[in-house]
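Residues 1 to 1145 (my numbering) are what the sequence shown spells out, left to right.
Just so you know, these hints were derived from the structure itself, not from any lab.
Nothing here was measured: the structure is a model prediction, and the numbers come from that model.
Don't be surprised by glycine CBs; every beta carbon is placed ideally from N, CA and C.
There may be inaccurate statements among the hints.
To be verified - 20 angstroms max Cα-Cα, derived EDC-like pairs, lysine to aspartate or glutamate:
#	residue 1	residue 2
1	K362	D321
2	K99	E86
3	K1124	D1041
4	K494	D543
5	K1016	D1002
6	K89	E77
7	K181	D207
8	K354	E651
9	K970	E982
10	K550	D592
11	K970	D1041
To be verified - Quick list of simulated restraints, FRET-style, between CB atoms:
#	residue 1	residue 2	range
12	G1015	S393	16 to 26 angstroms
13	S376	A606	45 to 55 angstroms
14	A606	Q547	45 to 55 angstroms
15	E648	D444	56 to 66 angstroms
16	Q1039	P988	50 to 60 angstroms
17	P331	K97	52 to 62 angstroms
18	S463	H981	50 to 60 angstroms
19	Y584	K637	33 to 43 angstroms
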Amino acid sequence: MEFKGYFGMSSTSREEIESFSMSNGNDRNGGGDRNYNNTVATGAASVADSDYAADPASSTFFAADLKKHGDLKNMLESNKDQLRLEAMKRIIGMVAKGKDASDLFPAVVKNVVSKNIEIKKLVYAYLVRYAEEQQDLALLSISTFQRALKDPNQLIRANALRVLSSIRVPVIVPIMMLAIKDSTSDMSPYVRKTAALAIPKLYSLDDEQRDQLVEVIEKLLGDRTTLVIGSAVMAFEEVCPERIDLIHKNYRRLCQVLIDLEEWGQVTVLNMLTRYARMQFADPNEKEAEAAEGSDHENFYDDDDEEASKPKPNKMSMDADHRLLLRSAKPLLQSRNGAVVMAVVQLYHHAAPKTEIALTVKPLIRLLRSHREIQSVVLSNIATLAAKPNRRSIFVPHLKTFFVRSNDPTHIKLQKLEILTSLASEGTISIILREFQAYIASSDRELIASTIQAIGRCAITISEVTETCLNGLVNLLSNRDDHVVAESVCVIRKLLQLQPTAHQEIIHHLSKLVDKITVPMAKASILWLIGEYCDQVPKIGPDVLRQAVKSFSKEENIVKLQIINLAAKLFTVNPQQTSLLVVYVFNLARYDVNYDIRDRARFLRALILPNNMGGGDDGTAVNAFDGLARQILMATKPPPVMESKFTERAELQLGTLSHYLNLRAAGYQDLPTFPEVPPPSSVRDVEMPVDLAKKTPSKVKPKSPVKTTEKFYSDEESEEAEEDDEEESDDESDDEEESSDEEGTSDGEESEEDKSANRPEPKSAQKVQNHVATNAQLISTTEKSRVETSSDSEDDSDDEESEESSSEEEEEEKPTPKPKPSPKKQVSLATISPEARSDGKEKVQPKPTAIQPSVPSPPEKPKTSGMLLDFDDILTGPTSTIPFTTPLLPMGSSSPSAAKSPSGFAVLPAVLVPNRSSELLSPVVTGGFGITYKFPRRTFLYSAKMVTVELTFTNTSSAPVTDIKIVRKKLPARVEIQEFHEIASLEPNQILHASIGIDFCDTTQNIGLVIGYNGKEMDTTLRPSLGEMVCPIAMTKAQFDTAKGNLSGLNENFASVELSSGLQNKNAITNLVLDTANVGPLPSNDGSAETLLFVGQTISSASPLLISVVTKFPKCTITVNCEKVIVGSMMLKEIKDAVNRMQSR
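Using the sequences provided together with the hints, build the complete structure.
Printed below as a string of structure tokens:
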């Protein structure tokens, strides 16, 4: 099949280089090839030269004599490993330079039994290259290769299999098949990858082994190692691309691990998944799919809502697996490999909704900064996209990117010119025409000709500038360069066909250039124009014909044909003045050396002079076919259609060699069309193992009595909540093992938290209980059901522990009476304003507290059975001086300071909450409705992994704003969001607050939200800050030093910065760090007053973040240690930027 990632290399050459790079890691010491070609033997060698050649360390093996490899053979036969290793390094260097080293095969193959691992790896690298050419000698070492397949070293096993598969002899097919089958079960993923790469070689040698190879491929496709998957998919594409059933059960896993594959594996998998999507999913762009895409996109993320996840009637819904593919491939647009980016682009182009194609524009623009070869490929794909009318608008904002540079090669200039012409519209034509004027003054004739053609295309496409372009082309007729004039004439001829009657003066002007123009095509164009519109210029036509006949015998064939056509047309219009001249032209053409000229003259003579076939008369006889001849010759011609030459490439798949060459290369397969009725998504469901299915009922039975005692509402509502939780656990089946481990440890903590939930409630908290009691009960039910559902997926040993803990909880909860509130009193937390959450009579003032290095355990309080939440810590805990609404905590968490993270450190409340807010939706754009957001640095109610974002809705208009909600979300990969409930109405001059939670997954990519209000939709962008994605934790100085020692090397980032006058004290630096990042200060116990320590952890992954600031005024050194390298470097950058902003003030 055709290799679709043409940025790279074939799989065979890739594995050779890969093997060599892994094996020859020490060739720096043996890189003596720099001096090898300095001494080349020419003619008879002198005595000194012969002595020099006898030295085994000399470089005379590059000499042209017959004994050029004698020294290498002697070194290979030496008993010293050092000499043999040096010889193999030189031989591999020759192979890398493209020199022939096949005559050394017998001497090299003897060393395959060497015990030196370095020599053996180099020998295998050589044998891979020449085993196919020296098959007889390679067969002698088959037994050695078979023994090497059992070698303890994984590289030896892989190289032995690679050499074995490189021997193209049908006799050893059974041996190769047995070796491949054994290697697929090898413990090393590198060996299994080599086995996958050997499958296409065996299939090309003997295609009768296809059935057995398909079984091997099926096993490799189910491999859990990302190193193997790419090669397995490549083998699938080569051997059995029609066996889509092998992909069904692995489809979702391939999408999930796509981002972790090697780059060339990503290209192969993306190309395969593109073909799979075209065969298994419905066309997302038919039957008003663009309108339905918004709701479908929202439904994919909002799995918790049962009603929203159901497809709406009369609208086409996108398959969840189809959306999974697009979502998994989207992060690869940021890949550094151009082939990977192009593979994602072609996936979106061929299998994504039209509204999402714009996501691929910026990655394509980024690739234009690469090498010229990559630029050429990318520009050809952009030109194909821009040639489609419905895709042009996405490239218009980047119009200046396609301006021609002076140092661009000619072929890249022409491609950019093609794109600029395709992007020409009423809004951009003025900029493009000014750019074209500069190109005409270039010295590149090919660029000038293409620019004039582009001006003609713009004139035909945009009627408003037709006259302007035509006048500009007429001015070019006075140019000194004949090629410019000739190309202008050809384009003018095409433009005059649009409105021939309105441009008689231009035809007059062109007729004067007949004698001056030397370019045949331009001269033929003028003659065609005069003959086509000879009835409008009756006096000019005969004179032009008279001048053209004088040089008839010296003209090119294309000009001669147009002279004959002009004569025939003039005869049908004005036979009185042109009859003799026409007969003279036919007589000249009758004896021309070109048979096309003779045939044309013979045909036209028979058409217009039927009674004068012999010629030589005056031609005034009556012509019975005069009327028919006029209709034939003077028929109205349709205006020419000037379109992009890349239009015809739209049928070919983007990113392929066939598309780049504009022809179907060997092995190219057209993409299949979307099915009218796609197969059901159940074909991609993986069946549960039988032994696991038998264990499932036993896990559920002990949980049923607990669920019965915890119901707040009716049985139907509780069953619906359990079903929702089960759906969530099914969607996250890939992470069951990790979640089970975490939940197994959280069960014990849950029981402790449940005990703290029954503590007596203070009087101050009873004031707000009327507003939030219903919500708190709903939260409690949701949290308990989530714990029960998640515990079902634990291991057997964990199940026993969870059953014991759940039975203890049941005993504690039985005497606890739980009120049953009315469902009508459910209030959304998102729509409760700060005024509504307080009692309206007495406001709670926050109390500033001192910064403490550690958190003491809170004193136990007497338990009360009627309280669901404990508000004492919330109302009296440390907060900022900015009054804002503190969110309610889930049941079981008595205080933010009491929560523990998966890392084992207690999570502390925020030390400093900056009063910063950013604009999400401007009231200037909406006419008075505005939204701002800020990070209050508090725990989010829905999930501890989410960052709380507080939204403030304001209405400064005179009319109420209704139906405020998030219509759909545009989220990066793995980012989740819990949105606020819909706000029914926002009255004039009213302010409402709502909170949303976002799991950023430690990434600072922008979050796209489409806000709906009053039936309208507005695109907004929420820009996160890495400092808000962390939280302070309790850590001692000893723990800090230990963690910092473990996070060294690449996990440590440091920089030295200058301090301004406002940062010349420790308090100012501390406030700056706390304002930038939500971390906590840690006192230094080493007595050093120059060191400031700060500690925190990422909210999403609980990775510790350590910040050290060593102050030596007026400079300081900032060090950031974090397990995630990117998080550490970005945090260091944010702190440096904050310091620089202070200096600029």
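Inset, instruction - Would you pick out the hints that fail for this structure and give their numbers low to high? - result: 1, 4, 5, 11, 14, 15, 17 and 19
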